[in-house]
Amino acid sequence: MRGSGGYAMVLAAAFFVVGMGDALASDPLLDQGRKIFRKCQSCHQVGVSAKHTVGPLLNDIYGRRAGTLEGYRYSRAMEAAGQEGLVWSEEALSAYLEDPKSAVHGTKMNFGGLRDPDDRRAVVAFLRQFSPGAANIPEAPPTAPLENADPEIPPHILALEGDPDYGEYLSSECVTCHQADGEDKGIPSITGWPGDRFVTVLHAYKTKSRDNQVMQSIAASLSDEEIAALAAYFSKAGQ
Amino acid sequence: MTGISRRHFTQGLGAVAGAGVLAGRGRAAFAQARPKVVIIGGGAGGATAARYLAKDSEGAIDITLIEPTKTYYTCFFSNLYIGGFRSFESIGHSYATLASDYGVNVVHDWATGIDRDAKKVALASGGRVAYDRLVVAPGIDFDYDSVPGYSIEASGLMPHAWKAGTQTALLKSKIEAMREGGTYVMVAPPNPYRCPPGPYERVSMVAHHLKSTNPSAKIVILDPKEAFSKQALFMEGWEKHYPGMIEWLPKSIIGDIKTVDARAGTIETDFDTFKADVANVISAQMAGTIARDAGLADDSGYCPIEPATLRSTMDAAIHVLGDSCIAGDMPKSGFSANSQAKAAAMAIRADLLDAKAFPPRFSNTCWSLISTDNGVKVGARYEAGEDKITKTDGFISETGEDAELRKATYEESLGWYAGITADMFG
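Note that the protein sequences, when read in sequence, are chains A and B. Take the first sequence: its letter number 216 is residue 216 in the numbering used here, and every next letter is one higher. Take the second sequence: its letter number 375 is residue 375 in the numbering used here, and every next letter is one higher.
Just chain A, same shape as in the assembly (with noise of 0.2 Å):
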């Protein structure tokens, strides 16, 4: 019958959801945590196939110095804060996550902070579920990736090789915003981003699906292959 094989599949899926769930966050607090985190996962993954995009990874993030994992470039000052000893302890988290810029100043995380002290409570214990070493919190099996908010690219877009040095001549006007080294002074670090996430972010400006007007319309004007080759000059860049 046409309909059933679908429907099946609808079943199914929702179990899987509820079955996660139930093994992640029946706590109100971790649900609450999970729905902040959506606003750092455009550029932070937590869980089993996490990896570095934008952000570093969050897995094991309890207890480890700042600025410190392997294959992923930090900005100057979240280096220089972890060798002077901050080290990601609940309370640590929570501050640096109230005000970043003035916590880790010179940080190249774009992200304005949490005010409201709950917000901090709930996504700081979201992020325990991801840390199994940290102390007081109940094991957690990890997750996958959450999906973030940018439109999917078609993976011909997705696939085009950048030629890196056009694109460093495109990036001449890059950088009469964004700092060609990499810090975020109010404008978002665009150096050292993964290709895909800096193609994906772009083609988001020129469908306008991100509402910046002055990246709408410098991204209008950048063809398909303009954009890859700045995503290949720009994941190398700043190094």
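No lab work stands behind these hints: they were computed from the structure.
Negatives, chain B to chain A, calculated, CB over 10 Å:
| id | residue |
| --- | --- |
| 1 | Gly113 |
| 2 | Ile254 |
| 3 | Leu352 |
Listed next, the stretches of chain A that the computed footprint assigns to chain B, with coverage defined by at least 3 CB atoms under 8 Å from CB atoms of chain B:
| id | region |
| --- | --- |
| 4 | 176 to 183 |
| 5 | 207 to 218 |
Virtual Cβ for every residue (Gly too), placed ideally from N, Cα, C.
Since chain A is already given, all that's left is putting chain B on it; use the hints.
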């Protein structure tokens, strides 16, 4: 030097590019062979041109930047100093990094003349500097006579503060010392002039300052125009933040300005006389004197250029950037000058080193602050057309935007300031 890859930009340099060759021939011989670019003016156009030429030619061009001031105060964000949002020091920049990290020969002197036949620039101190290519980026000068009674001497009493530095500090001190309930009168400039939204951002910043220190004070704008940049946004903001404080009087109401009297502090128009406790007279403008004296300007007082390269149509060895040039649809702004400088630097490298040149990408955005955390912006993209630089696409903030967006726009402007000044000075 800069950490940026230069693979592409060194293409075409051939045998002179490599460090090994440099060592082998010896520095002196190499230095003599290097083409010379001289840049007059170290603002958004000149400093950017110097930095991009140095960065992308990797020492293959001998670059001299002539700029009289050792600390350059940016005209952009100088209004925020008047409003109390920035310190004077925070808008000052040194040329030390351009000299030390980029190898630019920074000469703090006045360029007093250009001998186009001999290809030499004369300095006030008596020296002459030879060039193969000259970049002229002196910014604006004032046509004092456009406001009868105004003069360079009168600007000590009625500051223009339209070049940042001592004039800006003078205007701020006068506003701070203004009597209670006094009147600040701005004579706004006619088109075209540096920074189209600037006079109206300035009025916003003066109002912001007076609102807390001198709330019964008044602001009058005597405007030779009938409309101005971001008008709806400013008008909305003035109504919201400074109700009843600001009066804008266009030419259709006041007629022409007949005369200003700097000693008496009066401004007489066709129909009325205004008594100013603080007068801010921004006259008509024109290309910097050195550009006009060298015959690079036309009857408009500004310098015609080829759109893609900013090369002077009067002299193939000279490029004119920024406020001094006729940039078609692009406004006179620091952002525009920075954008033009990159196109000119690329064209000059293509010329002198046979490096590859891409089509230029011109853009501009002007942010303005209306009140605390209330920023707006206007911007556009441009392309090099046949006869002029032509606008292709534009945007502007909307009236009625929420506070969160306006705050984000202001914060974006802070990021831009940090970005463009790093792009200019390294």
